[in-house]
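J.: What follows is each chain in one-letter form.
2 protein chains.
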Amino acid sequence: MHLAVAILASALVCTLALDNGLTRTPPMGWLAWERYRCGIDCERDPKNCISEKLFKDMADRLSEDGWRELGYVYVNIDDCWSSMERDERGRLQADPKRFPGGIANLARYVHDRGLKLGIYGDMGTHTCGGYPGTNLDQIETDAQTFADWGVDMLKFDGCYSNESVQAEGYPRMSKALNATGRRIAYSCSWPAYRGGLPPQVNYTQLGEICNLWRNYGDIQDSWDSVLGVSDWFFKNQDVVGPAAGPGKWNDPDMLIIGDFGLSTDQSRSQMALWAIMAAPLFMSNDLRTISSGARAILQNKAILSISQDPMGVQGKRLLQEKSGIDVYWRPLSDNGSALVFFSRRSDMPYRYQISLSKLDYTTGIYKMYEVFTGKVGTVEDTSEFTVSVDPSGVVMLYVFPPVKRHRQFHANAKLHGPAHFHHRGLDDAIPPGFL
Amino acid sequence: MHLAVAILASALVCTLALDNGLTRTPPMGWLAWERYRCGIDCERDPKNCISEKLFKDMADRLSEDGWRELGYVYVNIDDCWSSMERDERGRLQADPKRFPGGIANLARYVHDRGLKLGIYGDMGTHTCGGYPGTNLDQIETDAQTFADWGVDMLKFDGCYSNESVQAEGYPRMSKALNATGRRIAYSCSWPAYRGGLPPQVNYTQLGEICNLWRNYGDIQDSWDSVLGVSDWFFKNQDVVGPAAGPGKWNDPDMLIIGDFGLSTDQSRSQMALWAIMAAPLFMSNDLRTISSGARAILQNKAILSISQDPMGVQGKRLLQEKSGIDVYWRPLSDNGSALVFFSRRSDMPYRYQISLSKLDYTTGIYKMYEVFTGKVGTVEDTSEFTVSVDPSGVVMLYVFPPVKRHRQFHANAKLHGPAHFHHRGLDDAIPPGFL
Numbered sequence: 009m010h011l012a013v014a015i016l017a018s019a020l021v022c023t024l025a026l027d028n029g030l031t032r033t034p035p036m037g038w039l040a041w042e043r044y045r046c047g048i049d050c051e052r053d054p055k056n057c058i059s060e061k062l063f064k065d066m067a068d069r070l071s072e073d074g075w076r077e078l079g080y081v082y083v084n085i086d087d088c089w090s091s092m093e094r095d096e097r098g099r100l101q102a103d104p105k106r107f108p109g110g111i112a113n114l115a116r117y118v119h120d121r122g123l124k125l126g127i128y129g130d131m132g133t134h135t136c137g138g139y140p141g142t143n144l145d146q147i148e149t150d151a152q153t154f155a156d157w158g159v160d161m162l163k164f165d166g167c168y169s170n171e172s173v174q175a176e177g178y179p180r181m182s183k184a185l186n187a188t189g190r191r192i193a194y195s196c197s198w199p200a201y202r203g204g205l206p207p208q209v210n211y212t213q214l215g216e217i218c219n220l221w222r223n224y225g226d227i228q229d230s231w232d233s234v235l236g237v238s239d240w241f242f243k244n245q246d247v248v249g250p251a252a253g254p255g256k257w258n259d260p261d262m263l264i265i266g267d268f269g270l271s272t273d274q275s276r277s278q279m280a281l282w283a284i285m286a287a288p289l290f291m292s293n294d295l296r297t298i299s300s301g302a303r304a305i306l307q308n309k310a311i312l313s314i315s316q317d318p319m320g321v322q323g324k325r326l327l328q329e330k331s332g333i334d335v336y337w338r339p340l341s342d343n344g345s346a347l348v349f350f351s352r353r354s355d356m357p358y359r360y361q362i363s364l365s366k367l368d369y370t371t372g373i374y375k376m377y378e379v380f381t382g383k384v385g386t387v388e389d390t391s392e393f394t395v396s397v398d399p400s401g402v403v404m405l406y407v408f409p410p411v412k413r414h415r416q417f418h419a420n421a422k423l424h425g426p427a428h429f430h431h432r433g434l435d436d437a438i439p440p441g442f443l
Numbered sequence: 009m010h011l012a013v014a015i016l017a018s019a020l021v022c023t024l025a026l027d028n029g030l031t032r033t034p035p036m037g038w039l040a041w042e043r044y045r046c047g048i049d050c051e052r053d054p055k056n057c058i059s060e061k062l063f064k065d066m067a068d069r070l071s072e073d074g075w076r077e078l079g080y081v082y083v084n085i086d087d088c089w090s091s092m093e094r095d096e097r098g099r100l101q102a103d104p105k106r107f108p109g110g111i112a113n114l115a116r117y118v119h120d121r122g123l124k125l126g127i128y129g130d131m132g133t134h135t136c137g138g139y140p141g142t143n144l145d146q147i148e149t150d151a152q153t154f155a156d157w158g159v160d161m162l163k164f165d166g167c168y169s170n171e172s173v174q175a176e177g178y179p180r181m182s183k184a185l186n187a188t189g190r191r192i193a194y195s196c197s198w199p200a201y202r203g204g205l206p207p208q209v210n211y212t213q214l215g216e217i218c219n220l221w222r223n224y225g226d227i228q229d230s231w232d233s234v235l236g237v238s239d240w241f242f243k244n245q246d247v248v249g250p251a252a253g254p255g256k257w258n259d260p261d262m263l264i265i266g267d268f269g270l271s272t273d274q275s276r277s278q279m280a281l282w283a284i285m286a287a288p289l290f291m292s293n294d295l296r297t298i299s300s301g302a303r304a305i306l307q308n309k310a311i312l313s314i315s316q317d318p319m320g321v322q323g324k325r326l327l328q329e330k331s332g333i334d335v336y337w338r339p340l341s342d343n344g345s346a347l348v349f350f351s352r353r354s355d356m357p358y359r360y361q362i363s364l365s366k367l368d369y370t371t372g373i374y375k376m377y378e379v380f381t382g383k384v385g386t387v388e389d390t391s392e393f394t395v396s397v398d399p400s401g402v403v404m405l406y407v408f409p410p411v412k413r414h415r416q417f418h419a420n421a422k423l424h425g426p427a428h429f430h431h432r433g434l435d436d437a438i439p440p441g442f443l
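First to last, the protein sequences are chains H and C.
Going by my numbering, 440 is the number at position 432 of the first sequence; the sequence numbering is gapless.
Going by my numbering, 437 is the number at position 429 of the second sequence; the sequence numbering is gapless.
If you are wondering where the hints come from, they were derived from the structure by calculation, not from laboratory data.
Where chains are identical, the list cannot tell them apart; a pair therefore holds if satisfied intra-copy or between any two copies.
Derived pair list, reagent style BS3-like, types lysine-lysine, alpha-carbon separation capped at 27 angstroms:
| # | residue 1 | residue 2 |
| --- | --- | --- |
| 1 | Lys243 | Lys324 |
| 2 | Lys55 | Lys330 |
| 3 | Lys383 | Lys324 |
| 4 | Lys383 | Lys55 |
Turn these sequences into a full structure, and let the hints guide you.
T.: In C-alpha cells, the structure reads:
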C-alpha cells in the first residue's frame, strides 16, 4: 500500500522541481560550516581556518580517498570566506589573505579533480557571521559573480533580513542563477527562517525555485542535536515529506560523522536516518584525519544506494514503540524498500520482534540485507523475525522486491531472485547466489 | 595553596575510614548492571544474560587481556543473580539454571585467576529487580552466606525499604560483614536513596561503615547521563569531596566506556573526570568484544596512576568559563597534580589559553604530560599556554612536582627532575630524559 501511494506521489511531483537538471538524487559532498565555523585565525590555527588551503585539502581527499567515486562531489564553502568589502565594481570578493588565489582559481582546482565547488551567500544586509550580505539590488550581480567564478552550488542563508525581503529575494536569486546560463544548484535557507511549516512556508514554491532547502535549525556536534533535527523532520513528515523528489530536497543539515560527538552506533544512526529522509549528504568533518570507522560508515555502499535511489521518495517513520524502538521506511525503485529499526534506549541491545506484514508489506517472500553487518535473510511477510538494536543505534535492512507466493511454495524451497536488479553499489555487497 | 590544604585534609580523615583495610585506592574492576541489566533469557540471548558464564567470561578476559595487572581485579555481580526463593535454611541461593555451579564455585573460578568476586544484595524486602531482599533480621545470615561463599565485595542496594530500615540496616551489615572474619569490601547505595546530601546523609558515618557509596542516581548509556552524574558531583564537591579518602570513596557509578553511547572524546572525558573524582572504576561493558580504542582509554596507565594515587584526595572543579571550558584539578602525592580541561562546546576544537598561576600554582617551573597524546611540555607558573579541547572532550595533564625558580634561571636552561619520582605506571609513559 505504501509502495503504490509513494510511486504515485513521486510521479506527480517530479515535473514541478527547479528546472536546472541538477540534484536529481540528493546531493553529496562536503560543507565547511559545522566543523570549521567562522575560524579565521590562520596564523595560530592553520589547519582549522576558512581558507583556500582548507578547501584544496578537502578536494584532494575527496578525489584521492574514494569519496568522489561514491558520489561525494561537492566541496562547499560556507560563511566567512569573503572580504569585508565588495570590490570597486560592487562585487563580492574573497578575503585576500585567506584566499590569495581567489575563488575562480579554487573552482579550477576543484574542477580539475572531477569535483564541484559550492559557495555561500546571504539574502540580507550581512551574513550570519557579519560579512557582506546580498541586498535585493545586488542579487543579479552576485549570481553573475558566482557564475563567472565557475561556482556549482550556492547556499543562500537568511540572516539580517525579514519576511518580505526573503519572499522577494529567494525567488529572484533562483531566476538570476538560471539567467547566468551556468548550472548552479540552489540551496535555500529560507524555510528555516520562517519556521519550516505552512502556511509561512510554501513547499510547492520551494520545489519550483530551489534544489534543496534547510527547513530547520543548524545541526551541532552532539547526539542530542542529531536526534532533535531528525525528530523534527519525522514529526512533520506528512507536511515536508511530499515536497521532496528529484531535483528538490528537504535538507536536515550536515552529517557530523567523523567529528567529536557521536559514538559509532550514533554515527550509523545518523547515516541511516539521513538516507531514509532522502537527505543531502554533506559531510562536515576533517577528511585529512578521519578514522577508518567513520569513513566506513560514510562510504557504506548499500546505504548510499538507498540514499541515492533514483525514485527519490522521502521515507517516513512508521512506528514508535513503547519499548523505545522506532521503525522507519523508505520506498525504493523497482519495488525495493529500506527499513530502519532505531533504539532510543540507553541500557542494552534490545531484541525487537516484528513481521513485515505488521509494516504493511503483504506481497509474499522477501530477501533482506542488513547494511552494516552484511547479514542476509529471507522472510515471509507474516513471519516474525527479531532484530537486536543497540542503544542509540540502528539495524538497517535493504528489502528486496518481493517474490510472490506460489501455491506449492515451501519455506525451504529455492527462491528465484528478481531478474533485473541493478541498485548502484548494492550488487557487489550482496553474497554471490543470494539473489 | 590547594596542595597544602588538600594534604592536610587527607591526613585528618584517613583514620576514620572503615577499618577493614580494603580499597585504600579507588577499587577497580567490572560490574554487570549498566550493560547487562536484568537480562535473564539465557536461551534466546545467551551472551547477554546474567549467568555464571557471563562472569566467567569476564574473569577470563580480565585475567588474559591485561586488565588484572592494571588493577581491574573485581568481577562484580549485580541484581538478578539469585533464586526467587531462599533455601530451606533461609539463605540466599543463586538461580539454579543460570548459576548451576553456585556462587562458591564461581568465587573459586575468579580467585584462581587472581581476581575478586563481588555480589549484590538489597537492604529491603526485595531487590530493585524483584528478587529476595535482605530484611533486618536476615542481615547476619546473608553476610555469613557471602563470606562462606568467598565473596570479596558486597554492593548493598536500597530498593523496597525506608529511611529507618536503612538507618538501622546499613551500619548493621557493616558490622555483620566484619564479624564474618572475611575481608569483604562494602559498597552502600544508602546515600543515593536519601538524596545524597546532608543533613539526610551523614558522610562521617558513611566513611566509618562503608568502603564506597553511591551518592546519586544510576548512570545510563548516554553522554547526557555521564554529564548529569559528573555535574552533580562537582556541583556538590565541597560537601561530598572531603568525605573521600583511602578506604572510603564517593561512587559516581560505572564507566560506560566500550558501550554504545559515547564517542571517543566522550569516553576520554568520562575516564578523565572519574580519575579526577578519585572514583571507583567499575567498567560495565562487554570485554569479549570491546574495541581497541575503548580498551586503550580504559588501560591508559597515566590516567590509572592518577586515579590510584595513594594520597586518595578527591579532586574538584576549579573554573567554569563562559567559553564552555571547565578546569578540574586533583592533588597527587609527592606534590604532583592532575589538570583536566573539558569542553562543553558542540562546534569545533577550542583553543583555551591559561597559565598555571591562574589555577593557584605558584611555586616555579612545571613539567607536564598530556595523558592521551603523550605530549610533554615545560611551563613556568606565570606563562600562558594553549590547549586545544575537542567538543565534549578533554585535555588531561599530569603536572609534575614543581622545580623551584633559581635566581639565575633561564627559560632554556636544562632542568633537573625530582629525585624520587615513582608514580605507578607513569614512568614508562614518559619520554626518556624528560624528567
